[in-house]
Structure formats: structure tokens, C-alpha cells
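Chemist: One-letter residues, chain by chain:
There are 4 protein chains.
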Amino acid sequence: MATAELTDAKMKTFEELESAVRSYSRGWPTIFQKAKGYKMWDTDGIEYIDFFAGAGTLNYGHNDQTMQEKVIEYIRNDGIIHSLDMGTNPRKEFLERFKEVILTPRELDYKVMFPGPTGTNTVESALKIARKVTGRDSVISFTNAFHGMTIGSLSVTGNSFKRHGAGVPLHHSVSMPFDDYVEDQDTIAYLERFLEDSGSGVALPAAIILETVQGEGGINAARMEWLKKIETLCKRWDILLIIDDVQAGNGRTGTFFSFEPAGINPDIVCLSKSIGGFGLPMAITLIKPEYDKHWGPGEHNGTFRGNNLAFIAATEALSNWETDDFALAVQEKAAFLSKNVEMIIDKYPELKGTPRGRGLMQGIAIDVDGLADDICAEAFNRGLIVETSGPNDEVIKFLPPLIIDIEGLEKGLGILEDSIKHVLAK
Amino acid sequence: MATAELTDAKMKTFEELESAVRSYSRGWPTIFQKAKGYKMWDTDGIEYIDFFAGAGTLNYGHNDQTMQEKVIEYIRNDGIIHSLDMGTNPRKEFLERFKEVILTPRELDYKVMFPGPTGTNTVESALKIARKVTGRDSVISFTNAFHGMTIGSLSVTGNSFKRHGAGVPLHHSVSMPFDDYVEDQDTIAYLERFLEDSGSGVALPAAIILETVQGEGGINAARMEWLKKIETLCKRWDILLIIDDVQAGNGRTGTFFSFEPAGINPDIVCLSKSIGGFGLPMAITLIKPEYDKHWGPGEHNGTFRGNNLAFIAATEALSNWETDDFALAVQEKAAFLSKNVEMIIDKYPELKGTPRGRGLMQGIAIDVDGLADDICAEAFNRGLIVETSGPNDEVIKFLPPLIIDIEGLEKGLGILEDSIKHVLAK
Amino acid sequence: MATAELTDAKMKTFEELESAVRSYSRGWPTIFQKAKGYKMWDTDGIEYIDFFAGAGTLNYGHNDQTMQEKVIEYIRNDGIIHSLDMGTNPRKEFLERFKEVILTPRELDYKVMFPGPTGTNTVESALKIARKVTGRDSVISFTNAFHGMTIGSLSVTGNSFKRHGAGVPLHHSVSMPFDDYVEDQDTIAYLERFLEDSGSGVALPAAIILETVQGEGGINAARMEWLKKIETLCKRWDILLIIDDVQAGNGRTGTFFSFEPAGINPDIVCLSKSIGGFGLPMAITLIKPEYDKHWGPGEHNGTFRGNNLAFIAATEALSNWETDDFALAVQEKAAFLSKNVEMIIDKYPELKGTPRGRGLMQGIAIDVDGLADDICAEAFNRGLIVETSGPNDEVIKFLPPLIIDIEGLEKGLGILEDSIKHVLAK
Amino acid sequence: MATAELTDAKMKTFEELESAVRSYSRGWPTIFQKAKGYKMWDTDGIEYIDFFAGAGTLNYGHNDQTMQEKVIEYIRNDGIIHSLDMGTNPRKEFLERFKEVILTPRELDYKVMFPGPTGTNTVESALKIARKVTGRDSVISFTNAFHGMTIGSLSVTGNSFKRHGAGVPLHHSVSMPFDDYVEDQDTIAYLERFLEDSGSGVALPAAIILETVQGEGGINAARMEWLKKIETLCKRWDILLIIDDVQAGNGRTGTFFSFEPAGINPDIVCLSKSIGGFGLPMAITLIKPEYDKHWGPGEHNGTFRGNNLAFIAATEALSNWETDDFALAVQEKAAFLSKNVEMIIDKYPELKGTPRGRGLMQGIAIDVDGLADDICAEAFNRGLIVETSGPNDEVIKFLPPLIIDIEGLEKGLGILEDSIKHVLAK
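Protein chains in written order, with full-length UniProt numbering: chain A, 1 to 426; chain B, 1 to 426; chain C, 1 to 426; chain D, 1 to 426.
Isolated chain A, as found in the complex (with noise of 0.2 angstroms):
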């Protein structure tokens, strides 16, 4: 058989059976069996090198061997699996350990609520509180904003082909340009003057929800002095300043919290993906206490917020955030990645490419229609996993886990411009 043809006989069953909406298996069309670290292997053996990490859930990386340990014995000892929001050990000994080492030390003061375990349901609940703290409808949110597929969080999104899957017009918001949006425009300025003009048709929203590094929007890193202005607009008018840190949480951007070096103190921050420790579904809603007692019990709930296993890998990786190694080591990779970043765009100038991103959160924008699908599915065929982001799938998008290492970063960057140079070759 031919290789299309190879292909399509390994993908029948998903072609067959699963529905029109996947997306995944068609732009990486194999059947992936293993993985640990950084590596993942299909099931005809072949070796990808992993800079995409399960869209962020993966930071910690494939199968952490205390992670696996932890769950087999719990599971072993019939520890109790699904609890909804009952009491549990998992569930209590996340909660203090999420205290101890990370609110505590950055002398943050939250509650922790379990709102379902996924990124939408956790910005659904920050939304919802946020209206009922305030007693108004609207929230602002961003140009490329990404923050779920639920009517809630899909309507503080910006994309619109999502937003059109809605069916339905999408309301109580009102999309506002990210940092550096419109050429030369300072887009503080525009806010501000929407705000302080009753005239201006923008109410006043019950809170202004943002990610500091967009991730699907195009790894669009606003600037830590943006940030801090957003949070000085919030106080002045008193609306809730909600970051969803979702993708750019958990460490990804070289802190714990993105928002981090802005020295800024959001009221409500959403956490999911890499917060479940290995990829186990897992979201966290954390909220200022004066506004968190607004709720009444079950306001917002779901069958799925007591995912123990999860609870259990999230507390083994909450172990790395006690000193500042990870971090610092974050830090360095994300330097080298920045370098190599450059030099790819300098090197590659029919790329027409711009750097974006910080951390271990980057990508290169390229200019140029198509092109930088073609240079993903190439390194897919080169054995590095890889995908684009943007509202026209312009960017290159380099999510590794964390935990990868120097030369796992050389590797997965040396396929990318074998691929490039493949590409452009055509």
C-alpha cells in the first residue's frame, strides 16, 4: 500500500465512527501509543519529539513516574474515585499544599473553588461570580481572546469561525483591543475612553477577563506595563479583573502565575490543563474571599469537579514550585528557545517571520499565507509534534513541557528547520 493509503487504513475507525467535529487526527493522522517526558511514540514505533504538550496540559510532561506511582496505589487501594464536592483526602490535601506552596508565598489570598474539570467550566464560574459580585451584565474582553467553547466563554472569545459554531448571537460582551492591536495606537487609551465617556455606548462591565500571553490567538504576549494599567483601569472603576491563566498558568511563562512580573493581584484567576498534574482533567477557579462568599452552595457546579486521580497528580507536581529551580530553569530554556526563535527569522527572511510569546510560550508569526501549516505537517512527517495558532493559522507555536531539557529543544528545533528548509524548497 501506498502511504496515503497506509494512512487511511489506520485512521478508518476514526473516520468512520467519530464525528466531522475532530481535528486533531486529521492534522497528525496516526495512532500515538506511548509517551514519557518530551517523547511520544505511535503504535508503528516512531519517535515525535513533543513541543506542544497536549495544548499546555502537558507542562509537567508525558507520564511523571511519581505522578503514575501516586495514582496506581490510590487506585490499588480503592481509594474513592469520583466525589463530586464531597470531602476527600486527594481533594484535602490538594487544597493545602495549593495554599502552602504556591498562594502563600506570593502572599496571595484566594479561595479555591472546583467548578468541573475543564478550562471552559472554570471561566464560566469566574464569569458568574463576577456578574453577581457587581450586579452588572457585560464583561470586556480582547481581540484574540481564547477562553472556552461553552456559550459563556465562547462569547468572550474572539475567534470567529468559533464564534459563528455558536448558532446563536453571543451577548453580554464587548471585545476590546489587546496590547499593541492597531499599529502606533496605544489601545490603553481607547479603553480608558470608552470607560470615562458615559456617552460611549460600553457600559460598564462587571469585569474585564484577559490572558496575559494569548495562546490560541497567536501567542500574543501583552507588556507587564499594559498589564499593570489594565489592573490601575479595574481598580479605579471598580470592575473584576478575572485572568485566565489556563494555558500561560502552571509555570509556563517561567512563574508559577503569567501575571507574575506585572506585580499585579487579579481577583479571580481560572486554572486548568497543567494544573491536573499529567493531563487528568482538572480546573480550579481562585477568588478573592470577599467576593468568593457571594456564592451560595451550588450556584455553580458540575457532576465531574471531584476527579481524585487528578487531585493526586496535582499535588505530586506542585512539588516542583517549592524552591525556584523549576522556575529558574524555565527561565533558561525560554532564553534559549528566544535565541533560536531569532535565529530561525533571521536566517529564513521568505518566512517573513516576527517572534511572539515569552517563556516557554512562543512562536513565529509568519507572513505569509499557508505556510506555516505547511512547515507543521512537514515536521510532523519529521517526527516533531508541533501546531499553528492565530486567527489565520499564521503562527508557529512552541509549547515543549517544561520539562524538556536542552538537547530535546536542539532536536525539536532542528526537525522545525529541516522542515522550514523543506518547505521553502518546494
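Just to be clear, a hint being listed does not mean it is correct.
Unchecked claim - If the Cβ cut is set under 8 angstroms, some of the chain D residues that face chain A in the computed set are:
#1 Ala2
#2 Ala4
#3 Ala9
#4 His172
#5 Tyr181
#6 Ala203
Said to hold, decoys possible - Straight-line distance between alpha carbons at most 27 angstroms, and here's what the computed DSSO-like set of lysine-lysine pairs gives:
#7 Lys12(B) - Lys293(A)
#8 Lys39(D) - Lys288(C)
#9 Lys10(D) - Lys39(D)
#10 Lys34(A) - Lys12(A)
#11 Lys10(C) - Lys288(D)
#12 Lys10(A) - Lys12(B)
#13 Lys10(A) - Lys99(A)
#14 Lys70(C) - Lys39(D)
No lab work stands behind these hints, which were simulated from the structure alone.
C-beta: ideal position from N, C-alpha, C; glycine also.
Mind docking chains B, C and D on chain A? Use the hints.
Modeler: For chains B, C and D alone, coordinates are given in the frame of chain A:
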């Protein structure tokens, strides 16, 4: 320390660190540690009979041994844990097994969508595709429906406390009376009149969504005849019929799908909760192929739609459906439960009780304010996990694991009866 | 030229220059020139009996002589014509006269708001103040209601063609079944059940809005008993009761307000159409003082809310209500009309007719597709202006000026009967 | 009695019987009786110079003698007063005259829709047809726009006090920055970026609606170049361009349509206020034929869309546009007004004044809280009718009848200057 003080000490972490939104840890103030079959134990070693089953998530009981073994083996082999919608063996095997064991024998033809691992997510995906296919925006749902807590699902949910939590008006939905909603009135005639009258103010909807037995809404079971009429209305006006079988499906009512006895063929079916085998987050949306093809790749997605541990347990759970034995056993136990429910109602006229539900999804509606809550609280103290449902928490809701045996049912019902006596004696 | 050609020539300007949205000039393709009392004449000198009264705007007939004289005199004296809501004598006199002749004798206490000179405008203002006072967003309206064409009013209107014209989904409203909507079912029981059940999915509304006789919706007259029950529901749940008396008010049903026989006391009443005396644009909203005081100055306004010519004619029209004579005369003519309607229905069983309405707001619902339209078209050819209403234009609607005499009614009914005979003979 | 007591006595009827929503009778607490040209007299015989013109409704002055005579004659002849959209001579003549005098000479091709006789009604009709034609739901409007008070128009209006009055969130609209909204920033670049970026969160709208000079919003005049760019954007993305010329049209800025100097060709134009000649309620919507044909008969309607007295005055008013003389005269007076505005600003630096507007639609923005209001109140006491506009009532707004002469302008400006001196001296 007094009991209350001991309880406070035990629950201190949750009180101090967790959000005020928590609910079950308030009603059942202990820390659960172990669970097997239909029994749970807390950290004090106290045993509980489980008439709750993780709100319908543990139909196959706690910690099924084969599921445990298969999951442990997969983790041990560094199987890929988190995969979004990439191809993996557990996903492939689940798809094939689901077709073979569930769809084919029932002559049902659906594509399987993995929408993110929660009930609300499958509902949101169902609403989206229905709106997309029909080009219409509104959806008809029913009084006392519960479909989820994210804004799309919440808009078709009846409970005013939950709706109010949205903090925004909920749109694009119309609430119609469920079967037997108003005494002596035919709710189908009512619905039909609204649909056929172009001046009714109710637009032709994209879909009608319903639970055949409303779990959260008070264990209201629609008659099969009513369901058939709904299907007929849908066909007549080209409205998509969505069955939300998140709680009533997976064998809960005595057949895999709750709608089987009605002989209807819904356009979309939502499954979650027990589909994941032993409590791991998972959800699927079943969509008729002619509608499914309208999805664009990634038009609805979600990070955790590739929970491989759940796929493994889910595939194992499907073995129960290879023959009719499992279903027949559920039906037998359901009959036993019904008989006992009637007996209790007769024996304690002070309850002003009415039987509700079908299969192993039954309840007693108690027409005395606060009484159902008191009974459930007393039952917990005596070692039975059972909760209330209904708009005023007026229904004691029996949702034991389907694998429970007669002995277990007897034990649980015994505790319940003791609790009733105790509460009535006060 | 043939008749059709002559007609085309006559209507050429409208066909060529006016929008396709025009409607009456299509059904009655002529140019009207003169009008007096209950008669109209076109430019060809053809006389028409008016059973339409400007869709209920000309209750006092065409060109009442005293109104004409007073209006002319005012213009002659350079009286201020357009004054928004500045103080003017005609405004002052109308206010005083309305209190004296209408409100005081009926022991009604309302503030008078001038919301802009159209029916939809009074409805929009009523909805606003109800929402403002209660802090609730939704409003309950009824099947086949017609309240206006601007988005707020349209959201509480039933007709699907009109609603669809909005081009956007219409929100913040719930449609409930009007009196006698579903055969043999008690629509109050439905509404009550939805309101009392906190799980119904229908939020406590700001207001219930209704027409006591639905004009556009098919001349559906609610029973007095039903209206009383609605008022009781409103009181029980602190819902504001809005009566839209735009078409049924101003004496149309035999009393100044259509709701007088029910003995109810609405919180808000909407008046327009005939309030302006002889066809000049005017509308008022009557609001109980305790609710009215919640308005901020200018919170609802409109350029043409100071149409002084209308105020003059309106004040003159109120003279009709100084004694009971006018009302009694209407009631007598209504009885005469009823008798004839029944006679026609009996005499022409092919019509499958049902009588509708009350007062001088009556109709014959004809259960044969297209027949009502054919009869009205034929009637026009024979010199009678009468239109259809109802969701399928199935009701012949009798709305003669209230000042018509028995001779006029007989003449009109004679033409109608001839038209019926002619159409049935085809 | 003291003056305040006398005033109270005079305004007693309004205070006691009229709604709290009234506004102008508060600021100008007197009873107006007579009016001619640019002068008004109250019942005490006090004369006022009118720099308000009925909020732009009396461009042709009060009680134009020819209009008076024609209207009186028509009434005398028992001309049909109220006709919905039936054919009548005044309607026919208006249509023909409007085409001949206005459309044809400007090479504009529009169908004329009569949507109900108010500004908000023409806007509602414009939004409907734009949504219908494009199948899109949202409309872009601008900061400080004012389009009307019914829910559809209000949703594209900027003022937060007015919006808040809706009592419901306002949907299907996006507010974009008007020309010169943010200092030194190009608002076209901003708008363009949102439209071209598929991730912007702003959907492709059905229409862009704007006033070329924002009347209520603070007499903000867009530059012609900005208007041209808006038209270009609309063409590029197939967005309908709606010009709301309700206040700025009918010659107010020196040409019949306010947009003529920009050389643009809007898809839809809204006219009301002065279109009715001397203050009678009337509105029209001009729609390009290719879009107009999408209307169904009666898809938007309204009882008072056939105000024949208004048609007669309107037709007479069009005579002013047979030659250029009227327009040239307005332009001359506008230049005189501009000069004086600048003079005042220079002479009274305490005002911190900025000139606003163009044509006879000018203003002085005063950057001192409350000062503009104080000046206008004083001006009233001295015999000048002039109001403020802008989100904080910070702009003194000059809107004299267009037929005013230089003497009238001088007189009015003299009173204004005296008022300024008086207020500044306090």
C-alpha cells in the same frame, strides 16, 4: 470534643480554603476514603450504603476490579494519558466497542463526538449542531429540566436558583410543560398549539431537548406515549430531537438508553456520567450522520476530550451490555425498589408521599416542607448516602449503583425507614 | 383601458416611488380624497362605507366638525404646533380634561406620560418603566398579541412574520396562552403553574402585558373572569399589569377603557390611535403614581411627544365622555352588530364561521383558507372598507367608527353579505 | 407671589398630572402659546428667540404661512386626515415632489418608506431591512450616537442614562469610536483592524449607522474624509451604510442631506423631524431599490404612517430646495454663527470652550462642570431658548430655525453673551 466540634475540625480545610460554592461536603460532612461496589468508607472507618452513585456517575459501582486493573496496566506501560482528539488505541477501541455492543444491536446509526468530558459540554455541543443544521436559534426545553451549568446548557435548564446564578438573562430558549405538568391538562396539546399557530410568539425551534426522566428536577418520568408524541411533533416540523441521557442513560432506567422502551430514534443523544466506567470524566454526543457532517473540524472542541483512562474504563463497562443479563437484573432490582417505595408511602401517610421515576431512578416526593431534607440528613448519620432533588428539594432520590444486589437495597431501605421513623417522631 | 390598467395607472406613483413594504394601498388600490363621519370618497368620487376606522384610530369618525374648527383656529392664531414636552395650553387642557372626564369618574389614579405619538412608543415606555420599577427583565405577553413594530414592542408580539422581520432574535419576553387558546384547557392554570414552580424555567416577570381584545391577533376577546384572574396573579407575585388599550380603548368596546367591565385596576395603560381625536398622531401612557416617580427626566422621550393639534382634537373628543350617552349608544350598536354577525354565520354555513370580539370590535373567523381575504377584496369593489386579521388573515374584522349609525351598519353589512354571496358563488 | 411661586402656580398642572419623565417643561418652566418664524411667546406675552427649533424639527421656522394655509384648506375640504399607507393625494404629491426636487437633482435613487412618524421608527425600519438583506444580526454604531428610544434604536445609541432606561441589556450592536474620539488616534484604523481580523470578536455587521453630526451626543461633526473612508470600508466588506439624518438632514448643515459634501452614497437614509414641514409628525426611510425589494408588505408598519397634514406641509417645504438659494443662505448664516462662536470662545477663556459642529448645527463645548447648564438657564430667563447636549450636558447647542436672519442670530447671540457674563460673574 463534641460531635459538632469534631466535624468542624475534620472539615476545617474545606471551610477555610475552599469556595463557598461547595455543596456536598456541607450535607455529608466527612472525608470519604475508600469505596467498593455500593459501599463507601470515610476516614473514621464508618461504612455507608451508596444510594447516590456519584449523582449517576457510578452505575457500575465503585472501583470495579477489571477497570482498575486495565487502567493501572495502561499507566504502567506509559500509555498516552491525555491526547485531545488525536488517535489513540483506547479511543479507537471505545469507538469500535460502542458501535458493536450498543449501536448496532439497537439499529442506531450515530457518529460519536467527544465534546469535552462533562455533561454540560455534551449538551452545549448538541445545541450548537442543532442550531447550525437548522439555521434556527431557539430551543424548546421543559419545566424542571436540568442540562448543565454553562450558559448554553443553563439556558435550557429550569431551576430558577441555577438560572439566576448566570448573572445575565438567558436567551434562545423556550420552556414548555413536561409530561403531567399541570393537573388534568394535556401538555402535548399545549405544545402542539404553540407550534402550529404562526401567531403564538414561539418560533419554530432548532431542537427540542429533554430528559426522559428528570433527575435534578424531581425524578419526573415521562410516559413512553408522551415521548412518542414529542418525536412525532419533531418530525412534523423538522425539529431535531435531543435526548439528554446524561443521568438517565447508561442503563439507569433498565435499558442502555432511557428512551428505548418508547421506540423513538432521537437525532442527537447526550451521554456522560457513567459512560466513563468508574467515575472518570468523559462525555460523548451521538449525532445522526446527516447532521454531524455539518461540523467543521474543531468547531466545538475542548482540551480534555481525550481522557484515555476514561476510554479504557468505558470500554470495559460496555462488556456489561454484551448480553441482556445486566439489563434484566437492573429491571428486577427496579421492581423490588418500586414495591418498597410504595410500601413506605403507604406505611407513612404523614409523608404525603408520591412515587416518582422508573428503573433504578426512583424517588418519593414528600409534600411536607423540609421533611425530605431532614430524612436524608438523618439517613447520612445512619450510614446511607441519599440526596434530595426537585425545585424545592422535596423528593428523596434513589440512585443506587446498578450493580447493587437485593441485600444492599434492603439494607439501604432499612436505614431510610429508620430515618423516616426518627424524623417523624421528632 | 381595462379596469386593471386604470388601477395600475392610478397607483403608478406608489408602485414606482414607494417602498415594497407598503400594504393597504395594495389591498385597496385607489386614492382616497375626502372623508366624513363613516364615509370615504376616492378621487373617482366613489363612496365607501368605513368598517375599518383607520385601524381603530377614527373612533370619532372622519373630520369631526368641532375638531376641525378648533384645530384650524389654533393654526390661524399661530399657536405653537410642535413643542416636545414643553408647557403649552393644549397640553395643559388635555391633561386637565382627561383627569376630569376620564380618570376621576372612574376612580383611577394615573400620571399621564406623553411617550411619542405612536402605539409602539407607549408600549416601549410601559415596558421600560415596568422593568425599571421591578428590576426584572422579562415580560409575559400572550399568544397572538400585537403590541408594535419597534424591537421592544415586537418582542411581546406574537405574529411570526412580524417577529421574523426583526432580523434578530427577540428577547426578555415569554409568550403564554391567551384566554381559550387551547381547547378545553384552562390557560390560567398553566400560567399559574409556571409562576409558582421555581423550576419552571420562566422567571418572575416585570410585567404581564395584554390586550383585552386582541385586534391584529384575530379579535380574540378575553373573558372578564379571565382578566380578573390575571390581575389576581399579578398582585400575588408583585407583577405589574399593563393593559395595551391602543386599539380596544377609547370606547371601542363600549366603555372608555376596555377593561372597565372586569373591574380591574391595571398598573399601566397604553393609549394611542383614537386618543388623538380625528387621526392625528398621539399616544399616552398611564402609570400609577408610585411607579411613575421612578422615571428620571427624559429617561424616555421622543421628538413628537408634543403634537398640539392632536391635543386639541383629543380634548374635544373627551367631550363625548361627559355623560354615559356615547357609551350607551356604542353598546346598542354593538348589540345590533352582534346579532347580524350571528345571522350571517347561520345563513352561510359554508363560511364555517365563528363570532369574535365584543363592543364595536367584532369579527367572523372563517375556517376556509383564503376565503376571508376574498370576501374583503370583493367588499372593497362594492364600496366597503373592511380588513382581515388573525395569524392567517382568517378573521373578517369589523371596526366601524363608533359614531356610525344603524343605517350605516346596515349598509355596510349589506355590502358584506352581497360580497359573501358573490364569493361563495364562484 | 415671588417668581418661584408664580412659576409653580403656572406649572401646577404638569407637576400634578404629568409623568415625572417630562423634561423640557422643567428647564423652561413656562407655557408657550404662540410662535412664528424664529420667535416664540409664552402666555405671559414674553418673547423668546428660538435657538432650539424643536430639537431640529422646525428648520423652516414656526408656522410658515403657506404651510398653514395649505393645511387649513385641506382640513376645510374634509381631506382624509389619517390613512395609514393607503393611497391619498398628499402622499402621492409628496412622493413625486421629493423625487423631483431632492432625489433626481442629486442623482440619488431610493425607494421611500413611510415607517411611522418618528425618528426612532425610521431607524428601527432601517436596522430591520439591513439585517434582513444581509442575514447578519449586529450593527456597528458610534460613541455618543443618538438614534432613538425604542429598544432597536436604543441599542445603537451611546448614552448610558438612556441605555440604562431600557431595563434590559441591549444587544446586536457594537460601539466604535467616532471621528476624533481618542486624541491623536485614527479611529478608522481601529475600526478597520476589527473588521479585517477574523479573531477580533467583532462580527461582520449588517450595517454601520451614523449621524454625520451627532446632535444629542455633543455636536460632534465627522470630517468628510472620515465619512468617505467609512463608505469605503462598507463597500469593501459589503456592509450597508445607514445615515441617520433625522437631526442633521433637511438642510441643517447647509445641504439637504448632511452627507452631500462627502460625496458618499449611503444605502439607507433616515429622515424625520423637519421633513414634516412645520412640526407635524412624519418620518421616511430612503432605501436603495435593490435592498427595498426584500421587504414583505407590512413587514414593518405603524398606524400613523399616513399623516396627511404632515405630507402637505412637507411637500410645501420642499419648495425651498428648488433652487440653491435656500442652501446658500444657510451656509452664509452658518459662517456668521461660526465667527461668533469663535469670538465668544476667545473672549471668555474661563469657558475653556471648543467650537463644535457645522452648518447651523453648532455648539460650544465648555470644559467646566455644570457651566453650560447654568448659561442656558440664564439665557432662558433673558429670552433665549437654547439647550445643552453631550454626555455630560457640556455643550451649548445652537440649532436656530434655518430661516432665521442675521438680525435674529445677533439678537440670540447677544442674549447668550449677556448670560455668559452674568454666570461668570457669579
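Chemist: Now, for every hint given, state plainly whether the structure supports it.
Modeler: The hints, checked one at a time:
With a cut of 8 angstroms, the hint placing Ala2(D) at the interface with chain A is violated, because the nearest CB-to-CB distance is about 36 angstroms. Interface restraint check for Ala4(D): the shortest CB-CB distance to chain A comes to about 31 angstroms, outside 8 angstroms, so the restraint is violated. For the restraint placing Ala9(D) at the interface with chain A, the shortest Cβ-Cβ distance is roughly 36 angstroms, beyond the 8 angstroms limit, so the hint is violated. The closest approach between the C-beta of His172(D) and any C-beta of chain A is roughly 6 angstroms, which is under the 8 angstroms cut-off, so the hint is satisfied.
Hint status for Tyr181(D): holds, given a least beta-carbon distance of 6 angstroms to chain A, under 8 angstroms. Satisfaction of the interface hint for Ala203(D) is found here, the shortest Cβ-Cβ separation to chain A being roughly 6 angstroms, below the 8 angstroms cut-off. Between the alpha carbons of Lys12(B) and Lys293(A) the distance comes to roughly 16 angstroms, so the proposed pair stays at or under 27 angstroms and holds. Between Lys39(D) and Lys288(C) the alpha-carbon distance is near 37 angstroms, which puts this suggested pair outside the 27 angstroms criterion.
Among the hinted pairs, Lys10(D) with Lys39(D) is consistent with the structure: their alpha-carbon atoms are about 21 angstroms apart, no more than 27 angstroms. In summary, the hint linking Lys34(A) to Lys12(A) is supported, as the alpha carbons are separated by about 20 angstroms, within the 27 angstroms threshold. Note on Lys10(C) and Lys288(D): the hinted pairing holds, with a Cα-Cα distance of about 24 angstroms set against a maximum of 27 angstroms. Straight-line distance between C-alpha atoms of Lys10(A) and Lys12(B) comes to about 53 angstroms, which puts the hinted pair past the 27 angstroms bound.
Taken as a hint, the Lys10(A) and Lys99(A) pair is broken in the structure, with Cα atoms around 46 angstroms apart against an allowance of 27 angstroms. Distance check on the hinted pair: Lys70(C) and Lys39(D) sit about 23 angstroms apart at the alpha-carbon level, within 27 angstroms; holds.
Violation of the numbered hints given earlier is confined to hints 1, 2, 3, 8, 12 and 13; the remaining hints are satisfied by the structure.
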